[in-house]
Amino acid sequence: MHPDHPEHGTQTSGWQAEPADPDTAIDPWPPAKAPSPKRRQSEILAAIAAGGVIGACARYGATLIWPTAPAAFPWTTFWINVTGCAAMGILMVLITERFTVHPLIRPLLGTGVLGGYTTFSTATLDTQRLLDAGRPGTGLLYAAATLLAAFAAIWAAAALTRLAALPHASAERGSS
Amino acid sequence: MNWLMVIAGAIVGAPLRYLTDRAVQARHDTVFPWGTFSVNIAACAGLGFLTGAATATTVPQALQHLIGPGLCATLSTYSTFSFESLRLAETGSRYFAAANALVSIVAGLGTAYLATALATALLA
Chain P
1 MHPDHPEHGT QTSGWQAEPA DPDTAIDPWP PAKAPSPKRR QSEILAAIAA
51 GGVIGACARY GATLIWPTAP AAFPWTTFWI NVTGCAAMGI LMVLITERFT
101 VHPLIRPLLG TGVLGGYTTF STATLDTQRL LDAGRPGTGL LYAAATLLAA
151 FAAIWAAAAL TRLAALPHAS AERGSS
Chain W
1 MNWLMVIAGA IVGAPLRYLT DRAVQARHDT VFPWGTFSVN IAACAGLGFL
51 TGAATATTVP QALQHLIGPG LCATLSTYST FSFESLRLAE TGSRYFAAAN
101 ALVSIVAGLG TAYLATALAT ALLA
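So the protein sequences, as listed, match chains P and W. Under UniProt numbering, residues 1 to 176 are what the first sequence spells out, in order. Under UniProt numbering, residues 1 to 124 are what the second sequence spells out, in order.
Among the hints, erroneous ones may be present.
[To be verified] Derived CB-CB ranges, DEER-like:
1) P:133 / W:2: 21 to 27 Å
2) W:38 / P:165: 31 to 37 Å
3) W:34 / P:69: 22 to 28 Å
4) P:165 / W:120: 46 to 52 Å
5) P:167 / W:12: 18 to 24 Å
6) W:32 / P:152: 18 to 24 Å
[To be verified] Output of the computed footprint for chain P on chain W, the stretches with three or more beta carbons under 8 Å from beta carbons of chain P:
7) 22–35
8) 56–64
9) 101–109
Calculated directly from the structure, the hints in this document are not laboratory data. For clarity, every value in this text was computed on a predicted model and none was experimentally measured. Positions of the beta carbon are idealized from the N, C-alpha and C atoms, including for glycine.
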């Protein structure tokens with residue numbers, strides 16, 4: 001074999017690289033079995049639909065267990081949105097900054113479960129109902145309280161998760 | 001039956017939110033989360049219309065559950081709305097974060113009132 005032959009070099013480096021490769025590179029979508037874009041898209045949609053059903057059932061179940069009187073402060077929807085936002089803060093920090101997860105986890109949990117669990121439209125219609133019932137103070141308080149509590153919840157949950165799960169978060173924040 | 005209707009609405013609502021968001025986000029290049037804004041406003045319109053319809057005429061319980069807690073509540077999202085606002089604030093677009101919050105609330109309420117009035121006018 002000629003030493004200048006390119007095959008010689010590639011053979012050596014290929015052999016040297018081979019044992020390390022299968023052990024270290026864990027690809028959740030191995031190229032040999034990689035689904036087509038259409039297949040992957042339908043898997044994402046199925047994950048979102050399944051997650052959406054779980055989230056919607058949790059929300060609907062909560063409204064059955066803790067029903068709200070028509071003119072009362074809608075505590076059930078309020079807590080649904082606040083807890084859903086807190087969970088979103090934890091989830092997004094964990095899956096985008098801490099762990100490398102399966103590509104279907106974010107569609108399933110973030111878009112599906114938490115997106116289906118929390119609701120913007122019900123909160124808006126709750127406000128409308130309070131305004132129509134002659135309780136504008138409660139209606140505006142509810143809209144403002146939901147917004148502020150939801151934003152505070154996601155911010156605090158994300159910050160606490162960074163503190164707990166990312167010890168060097170402040171140094172690495174810029175690169176992520 | 002009510003549970004089945006909520007599930008059926010959610011099966012459509014959650015993927016519809018994702019597909020609408022993707023379609024809207026692909027058509028502009030601003031940092032403003034118009035995709036989530038669109039689904040939230042659309043869901044407010046649907047729920048407002050249902051509210052108007054329910055007061056103007058008799059809407060079957062099953063249909064109310066399909067459109068209300070099923071489709072519209074799942075189509076809209078508070079968690080993604082607040083996540084995108086937080087991300088805007090963290091990336092330095094504080095003005096956009098505040099604008100997203102206020103515009104969404106005001107537009108959602110306005111849309112709900114318009115849809116309720118429309119349903120009342122059409123069905124009463």
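Verification of the supplied hints:
Checked against the given bound of 21 to 27 Å, the beta carbons of residue 133 (chain P) and residue 2 (chain W), roughly 24 Å apart, stay inside it. A hinted range of 31 to 37 Å holds for the C-beta pair residue 38 (chain W) and residue 165 (chain P), which are about 33 Å apart. With their beta carbons about 36 Å apart, residue 34 (chain W) and residue 69 (chain P) fall outside the hinted range of 22 to 28 Å. Judged by the Cβ atoms, the range 46 to 52 Å given for residue 165 (chain P) and residue 120 (chain W) holds: they are separated by roughly 51 Å.
A beta carbon spacing of about 43 Å between residue 167 (chain P) and residue 12 (chain W) contradicts the range 18 to 24 Å that was offered as a hint. Taking 18 to 24 Å as the suggested C-beta distance range, the pair residue 32 (chain W) and residue 152 (chain P) conforms, at roughly 22 Å. Residues of the stretch 22–35 of chain W lying with their CB closer than 8 Å to a CB of chain P number 0, which falls below the three-residue condition for coverage. Residue count for the stretch 56–64 of chain W with a Cβ under 8 Å from a Cβ of chain P: 0. That is fewer than the three needed, and the coverage hint is violated.
Closer than 8 Å: that is the beta-carbon criterion, and the stretch 101–109 of chain W has 5 residues meeting it against chain P, so the requirement of 3 holds.
Violation of the numbered hints given earlier is confined to hints 3, 5, 7, 8; the remaining hints are satisfied by the structure.
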